[in-house]
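Going down the list, the protein sequences come from chains P and Y. Residue 137, in this note's numbering, is where the first sequence stops; the numbers in between run on with no holes. Residue 237, in this note's numbering, is where the second sequence stops; the numbers in between run on with no holes.
It should be emphasised that the hints constitute simulated quantities derived from the structure, not laboratory data. Check each hint, because a few of them may be wrong.
Which chain Y residues face chain P? A few, computed with CB under 10 Å, are given here [said to hold, decoys possible]: (1) R67; (2) N69; (3) E91; (4) K97; (5) P159; (6) R205; (7) E226.
Positions of the beta carbon are idealized from the N, C-alpha and C atoms, including for glycine.
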Amino acid sequence: MTTFMASLRTTLAGYINYRGREGHYSFLLHRLTGLGTLLFLTIHIVDTATVYWMPELYDHAIALYRLPIFMIGEMGLVFSVIFHGVNGLRIIYQDMVKPSSWSIHTQRRAARVTLVVSILIWLPAAYIMARSLLAHL
Amino acid sequence: MDVTLRVFRYNTEAGRTKPSFDSWTLTDVDPTDRVLDLLEFVKGYHDGTLSFRRSCAHGVCGSDAMRINGRNYLACKVLVRDLNSTTITVEPIMGLKVVKDLIVDMEPFFESYRSVLPYMINDDVPADGKERHQSIEQRERFDDTTKCILCAACTSSCPSFWGDGKYVGPATIVNAHRFIFDSRDQAPGERLQILNEQEGVWRCRTAFNCTEACPREIHITQAIAEVKHAITSGNVD
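Isolated chain Y (complex conformation):
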């Protein structure tokens, strides 16, 4: 099949100081090709200056979140046939500053992530001196939110984040949830206090774009609601 690939371009090094779009008509595209394959093809055979992030190309590293035909996806996970269109428009994710073409400045995103202490806090020595035991139910409690790969597809699809870049965003709350509900962790109160601030969970308007966009199918809006409950009830069971 033939596909028209339209890609957002902004590249000051190549003299493209104003945002614009480039189009390529690609022939012999297989419906099971991924959008990342098309981008790689264009970069390899048409325009080597085209810039985008990719690393593992298998939906694990979370490098290639992009807005494809208006919706956030990982370019390495979405197949051409899933888009039901012979014109594919690829743009950078929203709410983060564009550095070059499809590459955005992820630092504000990671700064927000770091703000909720996304690591195990427990200074006690385990009871048996070796390991901290958990029941299956205790591990299950936060299993869903361990799946996050920090691709920012959720945060950059959130209307609250578009309007207020200081809002911690869904990905940060998901990663806080992962530790707040971990029975081995000793600092859930500290994280809940951070998320109870003005730019915390209460900025969530339940638009649900985050859950729809998550390539790992995490129940993000549910996790945010659970954090809200934990804040109001003080209960992290």
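The following block holds chain P by itself, in its conformation from the complex:
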């Protein structure tokens, strides 16, 4: 347990304090968006399960999703899924198809391009969701 806590402390301190370059932040964002997506999937499975077990709770859950805070969260979720997917494709390409692209110059550029592409794909969805959010206010 002590070893586990020590590792956890080092890991979190490293995540936050280590001054890495694009790769470090890309790794962190990949991990955060992955955990975000996992959290959503867990909640989604639980709330959908209530249709069978407690239908009245399901209606309540759906009503909750109409709250502005959840709608903003959903916009973040869409970004998480998009970034995690696009960055995953980048890593697969660099690691499995073209290992020679793991040079400092190419990797830094690839990480930046991945973020820009993710935002560009996310923007139309964010626009539609923001419109819906404003209509519900």
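Once you've looked at the hints, dock chain Y against the given chain P.
Same frame as chain P, now just chain Y:
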């Protein structure tokens, strides 16, 4: 120029049982001074108990890997002007137990290194009875990974290693790569098997900190990817 040097301190022999930082304001620092020069100055003129490893002081022996302003460097290779800051914070590398001040216990690192049989394995007598010939291309195949000086700057910058000290780490994989792709070696399969274990290459998450931190500019993440390919394809050409 004036520089504020902040150094991590933990020295049970000097009664400093809790980690803390000491600061010194150094005057007349030349922008081309190395961080190691500043540490030597402090040790020589301000506090003789300050402990750190150094040997050749020319980026060859790999003794003085440290976290300087949050990033791993060799203290003997990084110049004050390269840090773009008048405050320089020096801390031990991460993921290895601190023994004293900037000195960490390197044994787990070397234990991992030894686990991949980092030496030539070939019991056959050379064809001409004298030497084993290689083409320029065969030698070129592993040239990059011969440059490693085992400073641990890469391994201690790796998020996977921070989370799991049993992960073999980038430096070990680099040194395995050096022999796996050497046409004279006869045990690449054995090394690939070791690196295909749970704590082997598959723990690499391609965060790329290792390649950024390497003072020898080795393409570490590429070498790790090549080892992954060799494991999946069985091809070491």
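Status of each hint after checking the structure:
1. For the restraint placing R67(Y) at the interface with chain P, the shortest Cβ-Cβ distance is roughly 8 Å, inside the 10 Å limit, so the hint holds.
2. A hinted interface residue such as N69(Y) counts as satisfied when its beta carbon comes closer than 10 Å to some beta carbon of chain P; here the least separation is about 7 Å, so the hint holds.
3. Given the 10 Å rule on beta carbons, the hint for E91(Y) holds: about 9 Å separates it from the nearest Cβ of chain P.
4. Checking K97(Y) against chain P by beta carbon gives a least distance of about 9 Å; that is within 10 Å, so the hint holds.
5. Interface restraint check: P159(Y) against chain P, minimum CB-CB distance 6 Å, threshold 10 Å, status holds.
6. Interface restraint check: R205(Y) against chain P, minimum CB-CB distance 6 Å, threshold 10 Å, status holds.
7. Because the smallest distance between the Cβ of E226(Y) and any Cβ of chain P comes to about 6 Å, under 10 Å, the interface hint for this residue holds.
The structure shown violates none of the earlier numbered hints.
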